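Visitor: The hints should help you fit chain B onto chain A, whose structure is shown.
Number of protein chains: 2
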Amino acid sequence: MNETYPTVMENTAPSLAERELAISRHIAAPRAKVYQAWTDPKLLVQWFTPPPYLTVHAELDVRPGGSNYIVMRGPDGVDVPNRGIYLEVVENERLVLTDAYTKAWEPSEKPFITICLTFEDEDGGTRYTARVLHWTAADRETHEKMGFHEGWGIATDQLAALAMKA
Amino acid sequence: MNETYPTVMENTAPSLAERELAISRHIAAPRAKVYQAWTDPKLLVQWFTPPPYLTVHAELDVRPGGSNYIVMRGPDGVDVPNRGIYLEVVENERLVLTDAYTKAWEPSEKPFITICLTFEDEDGGTRYTARVLHWTAADRETHEKMGFHEGWGIATDQLAALAMKA
Numbered sequence: 289m290n291e292t293y294p295t296v297m298e299n300t301a302p303s304l305a306e307r308e309l310a311i312s313r314h315i316a317a318p319r320a321k322v323y324q325a326w327t328d329p330k331l332l333v334q335w336f337t338p339p340p341y342l343t344v345h346a347e348l349d350v351r352p353g354g355s356n357y358i359v360m361r362g363p364d365g366v367d368v369p370n371r372g373i374y375l376e377v378v379e380n381e382r383l384v385l386t387d388a389y390t391k392a393w394e395p396s397e398k399p400f401i402t403i404c405l406t407f408e409d410e411d412g413g414t415r416y417t418a419r420v421l422h423w424t425a426a427d428r429e430t431h432e433k434m435g436f437h438e439g440w441g442i443a444t445d446q447l448a449a450l451a452m453k454a
Numbered sequence: 289m290n291e292t293y294p295t296v297m298e299n300t301a302p303s304l305a306e307r308e309l310a311i312s313r314h315i316a317a318p319r320a321k322v323y324q325a326w327t328d329p330k331l332l333v334q335w336f337t338p339p340p341y342l343t344v345h346a347e348l349d350v351r352p353g354g355s356n357y358i359v360m361r362g363p364d365g366v367d368v369p370n371r372g373i374y375l376e377v378v379e380n381e382r383l384v385l386t387d388a389y390t391k392a393w394e395p396s397e398k399p400f401i402t403i404c405l406t407f408e409d410e411d412g413g414t415r416y417t418a419r420v421l422h423w424t425a426a427d428r429e430t431h432e433k434m435g436f437h438e439g440w441g442i443a444t445d446q447l448a449a450l451a452m453k454a
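Chains as they are written, first to last, in the working numbering: chain A, 289 to 454; chain B, 289 to 454.
Hints are computed from structural coordinates only; laboratory data are not their basis. Keep in mind it's a predicted model, so treat the numbers as computed, not measured. Mixed in with the good hints, there may be bad ones.
Note that the list lumps identical chains together, so a pair holds whenever it fits in one copy or between two copies.
[Stated by the list, open to error] In silico lysine to any residue, SDA-like type, Cα no more than 20 Å apart, as pairs: (1) K391 <-> L304; (2) K453 <-> V420; (3) K330 <-> S303; (4) K391 <-> E376; (5) K391 <-> E308; (6) K453 <-> G412; (7) K391 <-> A305; (8) K391 <-> L309.
Chain A extracted, bound-state conformation (with noise of 0.2 Å):
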């Protein structure tokens, strides 16, 4: 075996930052407060889609290759269900998911997000920070316009309402 082999022809994907869309924020709460937002679905519900959406039903089954179903209403009334899996769950400190799966290991219709939460102490409170990753660049953009700074924002602002109430 030739340790010294020419790595001809490798696919270099383009580089995390251009598939990447990010939000951190600092939460006056204790880090277990804004995990359990996450994975409990009486909480998600309450903090998960900025209005005029709601979100109407979440089931989490928070392991890694457990399955999330989660359906948002919108405004029109007409329903969008979401199907994804944990790909890494650290209580209270991080949880990996993805729509590119809808039960283990059944690929989805399209892989489009890879979600990547990190809860650290910070201040006596959590440094919350949601890295979303895509396949292509042109998917962040797609994302980017879909209006992710602010509907995420927004979603976030009510995440850490819900998280320093709980």
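Guide: Just chain B now, with coordinates in the frame of chain A:
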């Protein structure tokens, strides 16, 4: 929360059958030997590619979220590196890997396959099954035309011979 929500607009992916290629074989060797051929890089390089292709390098970090890096060399001397990740690891029983991520959790350029391997006791040996799942029916067809059945057939012969010898 209304539990009788309609599931309007659900994106239904094509059935798994349309997106799956599979191979199943009885191997006259214990499960542990067959599993080891997939997880020990010194063994994997011996069986992984049908001639005249060679597997010239393998790094396998076999744990959920761990990466693999496998370099194949064509008869023209050109090296083709492949990067992937393990999604599920149950020693001697089950192994799930994909090229949708190059490491935890960086999306690859093009998610193409998820490989679900099972190793079961059967007639004093092992029932070895590899299900290869694709995101689209078109990718499954491409993979089949690339020679999936012949290629995986020969590789599986080599895997079986190695497991029986080891």
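Visitor: For every hint, state whether the structure bears it out.
Guide: These are the hints, each one checked on the structure:
1. For the homomeric pair K391 and L304, the shortest alpha-carbon distance between copies (12 Å) is at most 20 Å, but the shortest distance inside one copy (25 Å) is not.
2. Proximity of K453 and V420 under a CA criterion of 20 Å is satisfied in neither setting, with 26 Å inside one chain copy and 47 Å between copies.
3. Taking identical chains as interchangeable, the C-alpha atoms of K330 and S303 are never at most 20 Å apart, the minima being 37 Å within one chain and 32 Å between chains.
4. Proximity of K391 and E376 under a CA criterion of 20 Å is satisfied in both settings, with 14 Å inside one chain copy and 13 Å between copies.
5. When the C-alpha separation of K391 and E308 is checked against a cutoff of 20 Å, the pair qualifies only between copies, where the shortest distance is 15 Å, while the shortest distance within a copy is 24 Å.
6. For the homomeric pair K453 and G412, the shortest alpha-carbon distance inside one copy (16 Å) is at most 20 Å, but the shortest distance between copies (60 Å) is not.
7. Taking identical chains as interchangeable, the C-alpha atoms of K391 and A305 lie at most 20 Å apart only when they sit on different chains, with a minimum of 15 Å there against 28 Å within one chain.
8. When the C-alpha separation of K391 and L309 is checked against a cutoff of 20 Å, the pair qualifies only between copies, where the shortest distance is 18 Å, while the shortest distance within a copy is 25 Å.
Figure legend: structure checked against the earlier numbered hints; hints not met, in rising order: 2 and 3.
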